[in-house]
Amino acid sequence: MKKLLALTATLVMTTTMFAGCTGTKSSQTNQETKSIAEGEKGKSSSKEGITLTFGSHQSGLPTTGVVQSLAKEFEAETGIKVDFQISPDSQWRDLIKVKLNAGEAPDIFCVDADPLSLNGRILPELNCVPVTKEEFVSRMDKDVLPSISYNNEVYGITFPGKKMWFYVYNKDIFKELNLEIPKTYEQFKAVCQKIKDSGVTPIYEPTQNGWHQVLPLFESGPMYAKNHPGLYEKMNNNEMNLDDIPELLTIVKQLKEFSDLGFYGENFLSDTFENAKAAFANREVAMVLVEAGWAFEVIAEHPEMKLEQMGIFTMPWADNQMVGVNPASNAYFINKNSKNAEAALEFFRFLARPENLQKRFEGQPGLLELCWPEVPSRFPGEFKAYIDTLEKGTVMQAAVSYVDSQWMDVGKDLEDMYVGAVTPEQLVKIISDRRDEQAQLHNDPAWKK
Amino acid sequence: MNTKKIYPTYFALGAVIIYFMLCFLPGVLGLFYSLTDWNAYSNQMNYVGFKNYIDVFKGSSQYRTFIWNTLVFTVVTTILKTTAGLGMALVLTNDRTWVRNFHRLVIFSPQVMSYLVVGLVFKSLLHPSAGFVNNFFKDIGMNFMTKSWLTDLNLAFGTVMTVDTWKGAGYIMVIIIAALQAISPTYYEAASIDGASYLDKFKYITLPLLKPILVSATVLNVTYGLRVFDMVYALTNGGPGNATGVINTAVYKEFSKGNYAMGTTLSSLLFAVVLALIYFIIKAMESKEVEI
Amino acid sequence: MKAKKAVSKIIINMVVWMISLVVLIPLVVILLNAFKDRAESNSMSLALPTKWMFENFAVVIERGKLAISFLNSLVYAASSATLIVIVVGAAAFTLARNRSKLNNIIYYFLIAGIAIPINHVALMEVMKFTSLMNTRVGIILIYAAINIPLSIFLGYGFVNTIPREIDEAAVIDGCTPLMLFVQIIIPLLKPILSTLFVLNFMAVWNDFIMPLYFLNNSAQWPMTLAVYNFFGAFENSWNLVSANIVLTLLPVFAVFILGQKYIVGGISAGAVKG
Chain A
0 MKKLLALTAT LVMTTTMFAG CTGTKSSQTN QETKSIAEGE KGKSSSKEGI TLTFGSHQSG
60 LPTTGVVQSL AKEFEAETGI KVDFQISPDS QWRDLIKVKL NAGEAPDIFC VDADPLSLNG
120 RILPELNCVP VTKEEFVSRM DKDVLPSISY NNEVYGITFP GKKMWFYVYN KDIFKELNLE
180 IPKTYEQFKA VCQKIKDSGV TPIYEPTQNG WHQVLPLFES GPMYAKNHPG LYEKMNNNEM
240 NLDDIPELLT IVKQLKEFSD LGFYGENFLS DTFENAKAAF ANREVAMVLV EAGWAFEVIA
300 EHPEMKLEQM GIFTMPWADN QMVGVNPASN AYFINKNSKN AEAALEFFRF LARPENLQKR
360 FEGQPGLLEL CWPEVPSRFP GEFKAYIDTL EKGTVMQAAV SYVDSQWMDV GKDLEDMYVG
420 AVTPEQLVKI ISDRRDEQAQ LHNDPAWKK
Chain B
0 MNTKKIYPTY FALGAVIIYF MLCFLPGVLG LFYSLTDWNA YSNQMNYVGF KNYIDVFKGS
60 SQYRTFIWNT LVFTVVTTIL KTTAGLGMAL VLTNDRTWVR NFHRLVIFSP QVMSYLVVGL
120 VFKSLLHPSA GFVNNFFKDI GMNFMTKSWL TDLNLAFGTV MTVDTWKGAG YIMVIIIAAL
180 QAISPTYYEA ASIDGASYLD KFKYITLPLL KPILVSATVL NVTYGLRVFD MVYALTNGGP
240 GNATGVINTA VYKEFSKGNY AMGTTLSSLL FAVVLALIYF IIKAMESKEV EI
Chain C
0 MKAKKAVSKI IINMVVWMIS LVVLIPLVVI LLNAFKDRAE SNSMSLALPT KWMFENFAVV
60 IERGKLAISF LNSLVYAASS ATLIVIVVGA AAFTLARNRS KLNNIIYYFL IAGIAIPINH
120 VALMEVMKFT SLMNTRVGII LIYAAINIPL SIFLGYGFVN TIPREIDEAA VIDGCTPLML
180 FVQIIIPLLK PILSTLFVLN FMAVWNDFIM PLYFLNNSAQ WPMTLAVYNF FGAFENSWNL
240 VSANIVLTLL PVFAVFILGQ KYIVGGISAG AVKG
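Residue numbers (numbering that gives the first Met the number 0), protein chains in the order written: chain A, 0 to 448; chain B, 0 to 291; chain C, 0 to 273.
Be a bit skeptical, because a hint or two may be false.
Said to hold, decoys possible - For lysine-lysine, the following DSS-like pairs were computed, each having C-alpha atoms within a straight-line distance of at most 27 Å:
hint, chain 1, residue 1, chain 2, residue 2
1, A, Lys-162, B, Lys-256
2, B, Lys-4, A, Lys-255
3, A, Lys-132, A, Lys-182
4, B, Lys-146, A, Lys-255
5, A, Lys-195, A, Lys-233
6, A, Lys-252, A, Lys-428
7, A, Lys-193, A, Lys-174
8, B, Lys-210, B, Lys-50
9, B, Lys-57, A, Lys-447
10, A, Lys-161, B, Lys-50
11, C, Lys-189, B, Lys-4
12, B, Lys-166, B, Lys-210
13, A, Lys-335, A, Lys-132
14, A, Lys-447, B, Lys-146
15, C, Lys-4, B, Lys-202
Calculated from the structure, these hints are not laboratory results.
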C-alpha cells in the first residue's frame, strides 16, 4: 500500500505539470484507434465509419422513438451511424447557442423554429447548410417554409403539421349534465359551474410545466387581429403593444376569475401536463386545452376511453370563436462546420422519402398531420367537420416579435396572478414592458424611432 | 531549519496549474463579459463600461426580492444545518445511542442524491392531492396540516429551505462528528473528576474545541446559501410566480432571455460579495487560531 | 439514578430513530416504487407493491444504456477525485507549513475559486485552446479544477492539526521533502484525503451540466445524463424512473460506506496519532 502511494505520488509530482498536454494526446490517440477499429469492422461502403451526431432537446424528438428507429434503418442501408444526444429541455436553447458560437455543435441539431426567432436562435447564415435546392423542400407545406428560412434560403427540414389548440371535452359528462358546447364566455362559465357542482373539476390547467397556462393569451391572436385591423404589423412596427389590446386584458381577467371560482380545481398550481391524460380518462376533469391529436394519446394509454366519448371546441375566452393556427414547430438543421455535412444531407433525404414519412407519421399517434401534403392527415371526421366551420388565423407568437421569446416568463407572471401577487392590469403592463426590453436587446430598428 | 527546503512551493504547482487553467482563467474572462452588451442575438460585442451594473441598482423591485430571499435563505439554512448537524453529531457520538453508524449513514444519505432527483421526488411527495405528505396527515386525522407545500405563497420558501436542510444537514453532521472524535477523551475525564455536569463539559470543552470546525461549516453553508440555485430550480423554479426566486435563478433567467451580459453582471456582483465574505470569515478564523 | 439513565437512553434512541425515519422515508418510497407496476407507482406511497416487479430494473438497464454510462461515470468520478486528492494533499501540506508571503498569496488565490462563477462560454474557449474539448481527460480536469478550491480549504485546516515536530524529526533522520510527504505526511493526512475523495466523487457523480457542454459524443456521457434522457421518455412511468434512481444511487452509497470508516472514524485516529 505504502509503495503504491509513494509511486503514484512521485508520478504525479513529476507529471501533473504536463497533465494538460500529455493527457490530451493520449486520449486523442485512443479515440483515433477506436474509430479506426470501428471502421474496420466492415467495409461495405466508403461511408462506413461515419457517425453523425444529432443533438436535440427532449421535446424535439417523438417519445415513441420513431426517429431513432428510422436512423437504425438508415444505418443498415448506408453504414452511417446516427448518435442521438438528447439534452434536458431547460438547457437546450443556451447549450446549442454556446456550442454553435464555439463551433462545437453536433452535425445535425434540432431546435424550435419560427419565422421571427430563427435568426436570433441559431444565426442560420453563419451556422447552417442551406438546403434550398434539395428536392424534398418542394414537397413540404409552403406555410412552414418561413419558419425554416432566412433571407430566401431554406435551411432545415421539419415534419409536424400546423398546431391548433382546442378544449377536448368529455361527451359523457356533457350529456349527463345536459350541456352544450359553449360559444361565449358567459356560456363557458355556466357550463363550468354546472360541472363543478356535479363534483367534477371543470378544466385541467397545469401550470407546473410553465407554458400551458399561456396559450389562451396568444392563441387568441386571430380574434385580436380581426377586431383591430393591421394589429400584427402595427405591433411589429412598435405602433401598438400588448397593453393596447383590450381583449387581451379581458382574457387575463377571465382566467383569473376562473381560478377564483375554483374551475381549475384546488391544486392546479401543482399539476403537470403529463398527468392530464390520466385525470381526463378517470373522469376527474371534464375539459383540457390540447391539440386535437391528444385524444389519440389518451386512447393509447387508457384503452377504455373511446374516440366517441371525446369532442372538441375552440376556446371561448372573450367570446372568441376563431381558431389560431401555428405553422411553427421544431426543425432539424445541418451544422455548416460539420465534416459530415454530406452524410447529414443524405439522412435528411432518407427521412424525406415518402415511405419513411409514412412510417414516421404512423410512429407518432398523437400527431394528426404532417407538414407534408403527400401524407394524408387523419383528423377524425367529426373533428374535421368542426374545424372546417371555424374561421382561422395565425397565432400571435408566430407573427408578432418578442412574444414567443417571453413565453415562459409570461407563464410565471400568470402564476403570480393566480396566487395574488399581481393584478391582471399589472400583468399586462409587465408583459408589454418586457416586449420593449427584448426589442432593445435585439437592437430592433422599429424601437429606435 | 530551512522551511523553504522542507516545504518546497512546487508541491502546490499541480493544484495551481489545473485550477488556473480551467477554473480561474475562464471564470475571470467570464467576468469581463459584464462590461459588454453581449447577448444572444448579435455576433458583435461592444464595450459598455459599467452600464449593466448601474442598471442592476436602478433595476426592478424584483431584484430586491431576489436579494432578500437569498439572504433569508443563507441565514436560515446556515442556522438550521449547523444546529441540526451539531445536535445529531452529539447524539450520534454519545455511547447511549445504539447502532450509531447506521444512523450516521442514514442521515448522511440525502447528500448523495442529485438535486435533480431530490426535486423530482419531493415534488411528488409534496403534491397537495396525490403526495405522500398530505395523505399521511389525512390518514392520521390531522387534516388541518394538509397544505399546498410548494405552491402556497406563504409556505413555498419555507418548504424549500426545509428540504435543503434535509439534504445538507447530514454533511455538516459528518464533519462535526470527525472533529468531536478528535477531541482527546482526557479532557472529559479530567472534567468528570472535577465534578463537571454534561452541560458544563459541552460549554467549556466541546464548544471551544469545535470552534474552528464550526467556522469552516459556516463558510461552507454561507457560500452555498448565497449561491443556491439547483435546489430552488428543482423544487419550485422560483415559483409560485417569482416568490421563491433567488439571485442565481435571476442569473439563469437573464441567460435564458438571451441577455448574457446582464446574467454575468449579476453573477459578478454575487462573486464579489461571496469573495469578501470568505475573506472576512477566514481572517476571523486565523486570529482565533493565534489565540489558541 | 439507574432508572433515570435507562429512561434517558430510551428517549435518546427514540428521537434518533424518529430523525432517521424522517430522513429515510423519501428514500424508502423510491425504493418501493422501483418494484411497483406503472399504475401503482403513480401515487407515491409507503404501501408495499402488490406484485414485485423485478423486471423494472432489467428494462431500465437495457433501455437507459446504463452499462456504458455507468463505466463513464465511474471513470470521471474516480479519476478526478484521485487527482484532487493528490494535488490538494501536496499543495495544502506545503502551503500550510510554509507561510511565506508567496504561499499565502497562492492560498488565497486558490481559495478565491470557491466564489468564482463558472462561465461556460469562456471555459469552452479555454478547452478549445488546450484541445481538451470532447475528451474524457478534459472533463476529468475540469472537475478537478472546479473542486480544488473547496478541497484546499478543508485540507489546509487539517494540515494545521498535525504537529510540525514530526517533520523536523523526519528531516533530521535524513528525509528529502518528497520522502517526508509521501512516507510520513500522507499517512497522517489519510482521513482528510479520504473525506475529500468521497465528497468529490459524489459531487462529480451527480453532475450533469459539464458533460452536456464539453462532451460531444453520447458514448462518453455519464449516468446522470443517461438518467435525464430516461426521464424525458418515461416521465409517466414512475416505477422505471425510481428504479433508475436506485441504480444511480447504489454506487455512491457503496463508496460512502467504504469511505465512511475514514470520514467519521479516521480523523480522530489521525489526530490522536499526531
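Evaluated hints:
no., hint, result
1, A:Lys-162 / B:Lys-256, "24 Å, holds"
2, B:Lys-4 / A:Lys-255, "74 Å, violated"
3, A:Lys-132 / A:Lys-182, "46 Å, violated"
4, B:Lys-146 / A:Lys-255, "21 Å, holds"
5, A:Lys-195 / A:Lys-233, "41 Å, violated"
6, A:Lys-252 / A:Lys-428, "13 Å, holds"
7, A:Lys-193 / A:Lys-174, "12 Å, holds"
8, B:Lys-210 / B:Lys-50, "43 Å, violated"
9, B:Lys-57 / A:Lys-447, "22 Å, holds"
10, A:Lys-161 / B:Lys-50, "43 Å, violated"
11, C:Lys-189 / B:Lys-4, "24 Å, holds"
12, B:Lys-166 / B:Lys-210, "23 Å, holds"
13, A:Lys-335 / A:Lys-132, "16 Å, holds"
14, A:Lys-447 / B:Lys-146, "49 Å, violated"
15, C:Lys-4 / B:Lys-202, "21 Å, holds"
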